[in-house]
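A.B. asks: Here are the chains, one letter per residue:
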Amino acid sequence: MTRLPRPHRRDGALITAAALVLLAGSPDTADAYIGPGAGFAVLGSFAVIFVTMLLAGVSILAWPFRTVWRMIRHRRTSKPLVKRAIFIGFDGQDAAITERMMAEGKLPNYSKLAEQGCYRKLRTTYPSITPVAWSSFSTGTNPGRHNIFDFLDRDPRTYLPRLSSTHIGSVDRFLKLGKLRIPLKKPDIRLLRKSKPWWTILGEHNIWSTVIRVPITFPPDEFYGAQLGAMCIPDLLGTQGTFMLFTTRPETESFQEGGMRLPLSRNGSAGSFEATVKGPENAFYEGNPPMELPLHIEVDRAKAAATVAVNGSRVDLQLGELSDWVKLEFKAIAGMKVAGLTRMVLTEAGEHVSLYMSPINIEPGKPAMPISHPSYYSSYLEKKIGPYATLGLAEDTWALNEKVTDDGTFWTQTQDVDDERERMLDIALDRLRSGALVTVFDATDRVNHMYWRYTEDGHPAAAGIDDPGYADAIEQQYIRNDGIVGRVLDKINDDDVLFVLSDHGCTSFRRGVNLNAWLLEEGYLALKDGADPSEPWLQSVDWARTRAYAVGLVGIFLNVKGREAHGVVEPGDEANAVKAEIAGKLKGLVDADTGDVAINEAFDTDALYRGPYKGNAPDLLMGYNHGYRISWDCASGVVAGGVFEDNVKAWSGDHIVDPRLVPGIMLCNHDVESDDPHIVDMAPTVLSLFGIRPPGHMDGSTLLDKESL
Amino acid sequence: MFGSTKIKLDSSLIERIRKFAEIAGYSSPEEFITHALEKELALLEDAEDEEEIKKRLQGLGYMS
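Protein chains in written order, with this note's numbering: chain A, 66 to 774; chain B, 140 to 203.
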């Protein structure tokens, strides 16, 4: 018999109560916004605690009235078919690898689930990239309706790239008090993913959802439920992940984009050094100087060990071992601090001393930005499981790419983040009496990216392999995922529906394609006289003579009059003709060095997408063949160099290719009729499971109905 | 909780918005209104500072 699930009051009230307990003893930490060029909230620390406690108290007192109002306003017209709908996402889990391992008996829980219900490949989005695919999962719509086409968008006024999923504004109004300037408002932070996620719709029908680390949830949605945000939450510096390397080695080259090299200076004895940790910009002072913390390190070379003193903590390190989370609190002004978490590795303790510090994550117990809904949910989780990673892309791929860390450190980072995630899942699953739960695990995607070079003979990046022990890292990750699925299977009941899915697969990334170099060769892009084509961000481009350019990871934009600031291509017939001409030349483009087809097809996005935002997409979307992807240089807007180049970085596998080549996976504890499900089907399916008719704007179809349950 | 403002619109306008929003693929009339206003604002607002943009993108693993 189907019962109406009761509104899930327990989590909301308990989270609120926990928050009150937490906050009663909170030290003075600013509810501060951090980031390049941004400012801080006006409220001082005491006022923040007072207001937060007041809001939490009001929330508890108002809960009965809100619940009744919600029940009146959103009386359900049909009964839910299930008690709980649970989605476990393994970002990047590849269908071909999964099928092979299932056939080999290496994934017994996947096999069990498939036998009980079903296994299907899951079609992914165009492009097959995390922010796009998970946005389609969340909203049930194609990118033309949710507005996420890439990690990056371009500003047509400047041609510069920007994050596609989040807008973070600056503060431009201050009250000056001597040397200080007090920001008079918080900067505008907006989620740019459009449409409406299914958990919001469930909430409108009084059905609780817990949403843990689904990409493109920063800032978090507000709905009847709880959410821990994910991509693209920045680090405390406001970037997507800047590591620091403190070293006695003299500076040679700077790191590419991902990290800072900072001097470690001798201080007294031969084993004693000091440095300065760079924190967020301090908007309370003119020029936004960085907040800083002194760091001291005592090295014992004989024992290959060191003790680091920073922020009142003493951390003992063994060479090559990743520390636990270390809290850092940067002082903004008197009585106001900004808190973060980092992990460290002593990477050298010989003639030279080097210390790696991971990107400083926003401290979940005292978040400087809105990373969860309700705002205290991140604190609640921290009290339950301890400190955890909050950065959107939490695993430090750039430190491995730059050979600052090694395969072992990166493996530990990914596994620890997954451990944290599973503990969050356990808490949420244990507490969920009815409603929906989704948790996304990221390690699979990162491990695919960074250890793919171990799986292919002759991969250009294989020359850099330092430890053959990681040859089976990808398989080990998939086996680990199988274990997680097994533990979830042990906890679900007959009236629960479980989906295990991935947003896309993965394939080799051996050769990079510089589309801008190709456009230059073919005469679609021109350079300014005397410009240096190795400058990033298309700074060398002469827009008055450029008809097409590539920004971001997935495609080509036409330089259209009236759309781009210096557009030259007439919209309509001329643009369509240029687009068709470029697409025709790129279809089947051969890499002369290898004889392989690099680009299967260049897709016309006007035909691909439908919806009010499709005009924001690149005009042509690249469908790279196995082994190929946009080059590192092209992704940074560098025009110089050849069209094709070897990829020698540790980041050796990727999925920004022809989406038909990298489907994801879907398993369910019920059979689904469709042989060819798509990730957009998940949203209408979960709504149907709770008796809600999917709205007309959703593109997906319901996979499960009353008959199939 | 305090993040939105109510605006009054003529009911006939609301009806037209409601119809068009559904046809165009918006999830709600509110989304359509927001998008229309954002497009207008984009024409008026200044572009972001280049240095701030570069800093924010630093560390994104898919690109150098």
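Since the hints were derived computationally from the structure, they do not count as laboratory data. Beta carbons are placed, not taken as given, at the ideal position from N, Cα and C, and that holds for glycine. Among these hints, one or two may not hold up.
Incomplete in silico selection of chain B near chain A, CB under 7 Å [to be verified]:
#1 Lys145
#2 Ala163
#3 Ser166
#4 Pro168
#5 Glu169
#6 Ala186
#7 Gln197
Simulated coverage check for chain A against chain B, where a stretch passes if three residues somewhere in it have a Cβ under 8 Å from a Cβ of chain B [what the hints assert, rightly or not]:
#8 223–231
#9 254–265
#10 675–685
#11 758–764
Per the computed footprint, the stretches of chain A lying under chain B, defined by three or more beta-carbons under 8 Å from a beta-carbon of chain B, are [claimed, not checked]:
#12 205–213
#13 300–307
A.B. asks: Any hints from earlier that this structure breaks? Give me their numbers in increasing order, please.
C.D. replies: 1, 4 and 5
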